[in-house]
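My request is simple: use the sequences and hints to build the entire structure.
Remember, my numbering sits 107 above the position in the sequence shown when you count from 1.
What the hints contain is simulated information worked out from the structure, not anything from laboratory work.
Just so you know, not all the hints are guaranteed correct.
[Claimed, not checked] Dumping the calculated EDC-like pairs for lysine to aspartate or glutamate here, alpha-carbon to alpha-carbon at most 20 angstroms:
| id | residue 1 | residue 2 |
| --- | --- | --- |
| 1 | K122 | D161 |
| 2 | K110 | E135 |
| 3 | K152 | E179 |
| 4 | K110 | E134 |
| 5 | K122 | E135 |
| 6 | K109 | E399 |
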Amino acid sequence: MKKYLAVDIGGTFIKYSLITGGYHVLEEGDEPTLKDPEQFLDQVKNLVRRYCQDICGIAVCMGGFINPVTGENTDYSVGENFRRYNLKKELTDAFGMHVMIENDSNCAAVGELVKGAGRGARQLCMLTFGTGIGGAMIINGGLYRGSHYKAAEAGLVKLGFCRESCSGNTALEGESAGATSVLVKEVSHALGRKVDGVYIFEHLDDPVIFGIYREWLKKAAMITGNMAMLMDPEKVLIGGAVSHQPRFLQDLSEEVYCLYPQLKAYTAIEACRLGNQAGRIGALYLYMKAYEKEEADELDREYI
Numbered sequence: 108m109k110k111y112l113a114v115d116i117g118g119t120f121i122k123y124s125l126i127t128g129g130y131h132v133l134e135e136g137d138e139p140t141l142k143d144p145e146q147f148l149d150q151v152k153n154l155v156r157r158y159c160q161d162i163c164g165i166a167v168c169m170g171g172f173i174n175p176v177t178g179e180n181t182d183y184s185v186g187e188n189f190r191r192y193n194l195k196k197e198l199t200d201a202f203g204m205h206v207m208i209e210n211d212s213n214c215a216a217v218g219e220l221v222k223g224a225g226r227g228a229r230q231l232c233m234l235t236f237g238t239g240i241g242g243a244m245i246i247n248g249g250l251y252r253g254s255h256y257k258a259a260e261a262g263l264v265k266l267g268f269c270r271e272s273c274s275g276n277t278a279l280e281g282e283s284a285g286a287t288s289v290l291v292k293e294v295s296h297a298l299g300r301k302v303d304g305v306y307i308f309e310h311l312d313d314p315v316i317f318g319i320y321r322e323w324l325k326k327a328a329m330i331t332g333n334m335a336m337l338m339d340p341e342k343v344l345i346g347g348a349v350s351h352q353p354r355f356l357q358d359l360s361e362e363v364y365c366l367y368p369q370l371k372a373y374t375a376i377e378a379c380r381l382g383n384q385a386g387r388i389g390a391l392y393l394y395m396k397a398y399e400k401e402e403a404d405e406l407d408r409e410y411i
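The structure is reproduced here in structure tokens:
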């Protein structure tokens, strides 16, 4: 039975799984992500070193605009630890085995397609609401990356014009306006103390919190609806911790269908199902398609 190391590199934690080609997790763990680029590189190498005698490949998902062939990350909004070193080259040279590296949102969407809420769909988009807004597209059953590996970056779109209070001039509303972090920041500011998303959803009966939530929800719904209108998918999958809040999925769906009533008849809005395993499963699937195609095609017949 072949085993692989699947690694989800986040800004706060590195999550990893020892996993089979059939997506059975044998072991998993996590550790805080080191910020210093050299220490970070050593950290990832040490993680692989622990399992290198047992595995035949490495599948990595992480933030950035990533060329999966070269491993180059051209996203300068991510931390320097994510882009100073080419992890694909570094790990390949160090351990002499194949390495797949791909954007984390892309991997999560592929994971949901393979084993989660996207199974059976051919046209699918995913939005992850968190610190920013991640996005991914599945078109004709395959991942669509775009010409520069920047497709579906929903967090970078502008929502519309807003009036700046100081100058009175109009300006485009900032990026990631519908991100969960924005909601938390605005509620914390209004209350004069730091709160988290769980607190917000537990206190939506507070008029102040509810008012901020409704305004934020409109922006989240506009991004979701715009993605659905542009792509015409069978489903829009919603990820991030907020997707576990049933109230949010219900309110978001109602708001989207209010903006675009026609979508209700043919585009479902659902929560992702795989949680933080989605990215690792997706990364492994992409590894298999790149380096073990016959086995991957066999898995396709079982899962997709």
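Outcome of the hint check:
1. With a CA separation close to 18 angstroms, the supplied pair K122 and D161 stays within the 20 angstroms bound.
2. With a C-alpha separation of about 13 angstroms, the suggested pairing of K110 with E135 holds against the 20 angstroms cut-off.
3. For the suggested pair K152 and E179, the alpha carbons sit about 18 angstroms apart, so the restraint of at most 20 angstroms is met.
4. Taking the CA atoms of K110 and E134, the gap is about 11 angstroms. The hint holds against a cut of 20 angstroms.
5. As the CA atoms of K122 and E135 are separated by approximately 7 angstroms, the hinted pair is consistent with the 20 angstroms bound.
6. This hinted pair checks out: K109 and E399 have alpha carbons roughly 11 angstroms apart, not beyond 20 angstroms.
In summary, this structure violates none of the numbered hints.
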